[in-house]
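Number of protein chains: 2
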Amino acid sequence: MKLIQGSVTAAKGFKAGGDFIGIKAKKKDLAIIYSEKPCVMAGAFTQNIVKASSVVWNKTILEKGEKVHGIVANSGNANAATGEQGHKDTEQMAALTAEAFSIQKEEVLVCSTGVIGVNLPMDVIAKGIPQVAKQISGTEEGAKNASDAILTTDTFSKTIAIEEEVEGASFTIGGIGKGSGMIHPNMATMLGFITTDINITQEMLQKALKKAIDTTFNMITVDGDTSTNDTVLVLANGEAGNKLIDTEGKDFDKFFETLYEVCKYIAVSIVRDGEGATKLLEVNIKGVADFTSGKTLAKSVLTSNLVKTAFFGADANWGRIFAAMGYAGVPFNPDRVDITIESIGGIVNLLKQGLPVKFSEEKAKKVLLESEIKVLIQMDEGVAEVTAWGCDLSYDYVKINGDYRS
Amino acid sequence: MKLIQGSVTAAKGFKAGGDFIGIKAKKKDLAIIYSEKPCVMAGAFTQNIVKASSVVWNKTILEKGEKVHGIVANSGNANAATGEQGHKDTEQMAALTAEAFSIQKEEVLVCSTGVIGVNLPMDVIAKGIPQVAKQISGTEEGAKNASDAILTTDTFSKTIAIEEEVEGASFTIGGIGKGSGMIHPNMATMLGFITTDINITQEMLQKALKKAIDTTFNMITVDGDTSTNDTVLVLANGEAGNKLIDTEGKDFDKFFETLYEVCKYIAVSIVRDGEGATKLLEVNIKGVADFTSGKTLAKSVLTSNLVKTAFFGADANWGRIFAAMGYAGVPFNPDRVDITIESIGGIVNLLKQGLPVKFSEEKAKKVLLESEIKVLIQMDEGVAEVTAWGCDLSYDYVKINGDYRS
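Chain order of the listed sequences is Y and Z. Residue 228 in numbering that gives the first Met the number 0 sits at position 229 of the first sequence, with consecutive numbering throughout. Residue 291 in numbering that gives the first Met the number 0 sits at position 292 of the second sequence, with consecutive numbering throughout.
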């Protein structure tokens, strides 16, 4: 695997662009990703009962199994809880984009992120889509503009591209993502757009995406809130020229592993840029009964406000971690639990076989003052291992969310 | 029902006291509640797998069905995750108290609250228990001292007493409680001690407590964290002289209703005094399929950090309320949901049949700047109605929990 520049325009045949069109006050707010060659697609969407109309649109296209040419996405307005007009507006966004590229509206996926319950300013969008469509390019700058245009409270862009080989050809996967509040993906996530030139069937693409998402996007949490708009989309246009991947095997594994790295990078970047976050927390649980139990335990720890504030305050309050495991609803023997914290500042055992370890507060502080901290939990319930990511809870989280109608 | 003074010493035959003995730095930290006459008891305890040794001790006594004389409780140290020594120390606390009153250790209930994972300073406790035992009295001051001695980060005492009549006699129920972090009771709660002179069987007392707790203590949340020590205990010494309540009927109903009011008062007081809380939030859901669905939906709204910070910022961000309902895991039709906010500042409809209502931001601000706010949610799934209580999330919550190893 080789990290390369360019994110969503790194793979052959993809263009992208983004610009300010007037939905937000002044930042870029409309992005387009486009492939001349039609793409097979895979997608994963929010499980929230309150779904944005764009989610409904994309799911319908995915279920039909038709090929698509691209994605149009706006930030600043989620077009969720907007009723019949919301559905019409989503369809209109697809139609306007289709018009600009002389394709069918059903070949355009639509995403929205921002405030809930406000109808889209369609006059602004009607002018903005042709404007951005004209600007798209296969350059790094085009990808950067698209990546900027989907951000809301994010403080940095999340972009990545990786090149890898399968039999007879090299291929590329590039992606962009955005957070950074209402992040507790269930089945899907905030927004993640991934493009690749691999030659693959829709079935295998969807299979790879599902598998990658389960251990990346679905293992992160910022604030425990699952958004109405969470969406990850992958477009594959086949331009790498490899032998079609239509079954599991060596090529599929290579593709999956690369896709996994792209998903993990975007997912972890989103947590790292969580609203108000000062620290990235990784919870790794070994010896758990199964994946689901481990995921429940890890997320219980990472969503506990008491745990999150303790990390913000660099306080080695392992009692809160232990308590959060205890109320997760997963049966386990508390007398067989070890808890250790680790960072580049060092490593400190806090709990051994359910009992406190006498530790140096000074050493613990040194571990906890770093910006990336691992919580290693060893249990004695089985052989599964899971990793999940979250962040601390700071004054700024309260400030951002007390002030901003997002 | 008549509100009277005195809390846990208001019922006939109960004495109480509390003092500083040296577990905390300077505040009162040991409480004793005592009845000369043996009491039937009822209890509800944390469902956390990580249980304090005192919880184990009290459950064993409750299961044996023996009568008890009182409660000894310390604050400043939870005696949880303290292994075999923890169990010995709990037993020793009971034994020391029993010695002071010439009773059996199995007649003494034990509660602890405070930091997890540190063994109790038993030398301090050995001196402190006789000291407090000597001070107990049936006065208001005795009750006040006991109530102060169980507090941790609480900013005020939670005390109440109600007098009511059953056939042939009047009786009293009095209670004290403490919060105010790690509050998301499951089956039981933080600490709540209730005394009554009603003449009742243990079976009926436990029945009344279970029923009262389900709709009071179990419907509150401060931070979504279920403690390792949650305990509510009721002691009934029968001194009211009423005909023994040993079955359901008019007298049981009267007793239950009074107990419910005492539990509700203590539970809501705990939320009102939630760590860093500036606002009490009441979520009332009508038209929900059943109690469990309603509880899940209400708690999903009240534990959402995005909802909590929006209330802190007095922002009528109903999208966050709607989204929190949507990811609660309870099926419902989002197109049949109304959301209204109400306080003494007024009433404002935000969502009607799943669609935003055009509302005056100024009027909404007026509602939201009050310290007690109701969120009224109307659904169309059934006829059940539930009420739950929570609080906002402020800078002070982060400050308290980033700084304090509680």
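It cannot be assumed that every hint is accurate.
Heads up, the list lumps identical chains together, so a pair's fine if it works in one copy or across two of them.
Keeping only pairs whose Cα atoms sit at most 25 Å apart, straight-line, the calculated DSS-like set for lysine-lysine is [unchecked claim]:
hint: 1; residue 1: K104; residue 2: K133
hint: 2; residue 1: K285; residue 2: K50
hint: 3; residue 1: K23; residue 2: K87
hint: 4; residue 1: K23; residue 2: K364
hint: 5; residue 1: K104; residue 2: K398
hint: 6; residue 1: K63; residue 2: K398
Simulated from the structure, these hints should not be mistaken for lab results.
A quick look at each hint next to the structure:
In this assembly of identical chains, K104 and K133 lie within 25 Å of each other by CA distance solely inside one copy; the values are 18 Å within and 83 Å between copies. For the homomeric pair K285 and K50, the shortest alpha-carbon distance between copies (22 Å) is at most 25 Å, but the shortest distance inside one copy (35 Å) is not. Taking CA atoms no more than 25 Å apart as the test, K23 paired with K87 passes inside one copy only; the shortest distance there is 21 Å, against 63 Å between copies. Proximity of K23 and K364 under a CA criterion of 25 Å is satisfied inter-copy only: 23 Å between copies versus 41 Å inside one chain copy.
Taking the shortest alpha-carbon separations for K104 and K398, neither the intra-copy value of 41 Å nor the inter-copy value of 51 Å comes in at or below 25 Å. Neither within a single protomer nor between protomers do K63 and K398 lie at most 25 Å apart by alpha-carbon distance, with minima of 43 Å and 51 Å respectively.
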